[in-house]
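Engineer: Sequence:
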Amino acid sequence: MVTMRLASRDHELSATKVSVSFGVVNLAGCWSGAMPVCHGAGGLAGQYRFGARSGASVVFLVIRKLAIGLEFENSFMKILNQLPLGILGVLLLFAGIELAMASKDMNTKEQSFVMLICVAVSLTGSSAALVLGVGFYLICY
Numbered sequence: 001m002v003t004m005r006l007a008s009r010d011h012e013l014s015a016t017k018v019s020v021s022f023g024v025v026n027l028a029g030c031w032s033g034a035m036p037v038c039h040g041a042g043g044l045a046g047q048y049r050f051g052a053r054s055g056a057s058v059v060f061l062v063i064r065k066l067a068i069g070l071e072f073e074n075s076f077m078k079i080l081n082q083l084p085l086g087i088l089g090v091l092l093l094f095a096g097i098e099l100a101m102a103s104k105d106m107n108t109k110e111q112s113f114v115m116l117i118c119v120a121v122s123l124t125g126s127s128a129a130l131v132l133g134v135g136f137y138l139i140c141y
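Numbering (the working numbering), first residue to last: 1 to 141.
Accuracy of the hints is not assured; some may be wrong.
The calculated label-pair distances, taken between Cβ atoms and stated as ranges, are [claimed, not checked]:
| no. | residue 1 | residue 2 | range |
| --- | --- | --- | --- |
| 1 | LEU138 | THR16 | 38 to 48 angstroms |
| 2 | VAL18 | GLN111 | 37 to 47 angstroms |
| 3 | ASN107 | TYR141 | 32 to 42 angstroms |
| 4 | LYS104 | ARG53 | 33 to 43 angstroms |
| 5 | LYS17 | LYS104 | 20 to 30 angstroms |
| 6 | ASN74 | GLU110 | 41 to 51 angstroms |
| 7 | ALA15 | MET106 | 11 to 21 angstroms |
| 8 | THR16 | MET106 | 22 to 32 angstroms |
| 9 | GLU73 | TYR141 | 35 to 45 angstroms |
| 10 | SER75 | LYS104 | 28 to 38 angstroms |
Here are the simulated DSS-like pairs of lysine-lysine, each with C-alpha atoms no more than 30 angstroms apart in a straight line [stated by the list, open to error]:
| no. | residue 1 | residue 2 |
| --- | --- | --- |
| 11 | LYS78 | LYS65 |
| 12 | LYS78 | LYS17 |
| 13 | LYS65 | LYS17 |
| 14 | LYS104 | LYS17 |
FYI, nobody ran anything at the bench for these hints, they're computed from the structure.
Ideal Cβ positions, reconstructed from N, Cα and C, are used throughout, including at glycine.
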């Protein structure tokens, strides 16, 4: 939904095209030790919010990440650890706002209901996992 909302009307998107594109990448990448990846809506919304409007922006991002990784290797983690968490919080806030803007495209009660269920599961899912983990710890130890 986010992809269809943000994508240019010139490109025809379907769930099948989007799914197959990364399915092929994941199948090919697993043989070389790559981590599974997806079209994560949070990353897409964040990139869009901060100015990415075409496929070239993703290519530029990949090239930049590769260059930084090859140049700094492990020392780059020391640099990243110096950044205050507040900066990440602000970036996540803007990505979240961009994702929330998709709700204005809800036209029916059914669409709104599905969105609310997804939000409820997302909010309680992490809490339920925390409670389950703490409970498991208390039972076992």
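Engineer: Each hint needs a verdict: does it hold in this structure or not?
Structural biologist: Okay, the hints, checked on the actual structure:
1. Checking the proposed 38 to 48 angstroms range against LEU138 and THR16 shows it holds: the Cβ atoms sit about 46 angstroms from each other.
2. VAL18 and GLN111 have their C-beta atoms about 19 angstroms apart, which leaves the hinted 37 to 47 angstroms range violated.
3. At roughly 51 angstroms, the beta-carbon separation of ASN107 and TYR141 lies outside the given 32 to 42 angstroms, and the hint is violated.
4. Distance hint check for LYS104 and ARG53: the Cβ-Cβ separation is about 20 angstroms, which falls outside the suggested range of 33 to 43 angstroms.
5. One distance hint, 20 to 30 angstroms for the beta-carbon pair LYS17 and LYS104, holds here, with the actual separation near 25 angstroms.
6. The given range of 41 to 51 angstroms is respected by ASN74 and GLU110, whose C-beta atoms sit roughly 50 angstroms from each other.
7. As the Cβ distance of ALA15 to MET106 is approximately 18 angstroms, the hint placing it in 11 to 21 angstroms holds.
8. Roughly 23 angstroms separates the CB atoms of THR16 and MET106, a value that falls within the hinted 22 to 32 angstroms.
9. Between GLU73 and TYR141, the C-beta spacing of about 39 angstroms keeps the proposed range 35 to 45 angstroms intact.
10. Distance hint for SER75 and LYS104: a CB-CB separation of about 44 angstroms, inconsistent with the stated range 28 to 38 angstroms.
11. Between LYS78 and LYS65 the CA atoms are separated by roughly 16 angstroms; this keeps the pair inside 30 angstroms, and the hint holds.
12. The hinted pair formed by LYS78 and LYS17 fails the criterion: a straight-line CA distance of about 39 angstroms is larger than 30 angstroms.
13. Of the supplied pair hints, the one linking LYS65 and LYS17 holds, its CA atoms being roughly 26 angstroms apart against a limit of 30 angstroms.
14. Among the hinted pairs, LYS104 with LYS17 is consistent with the structure: their alpha-carbon atoms are about 25 angstroms apart, no more than 30 angstroms.
In this structure, the hints that do not hold are numbers 2, 3, 4, 10, 12, in rising order.
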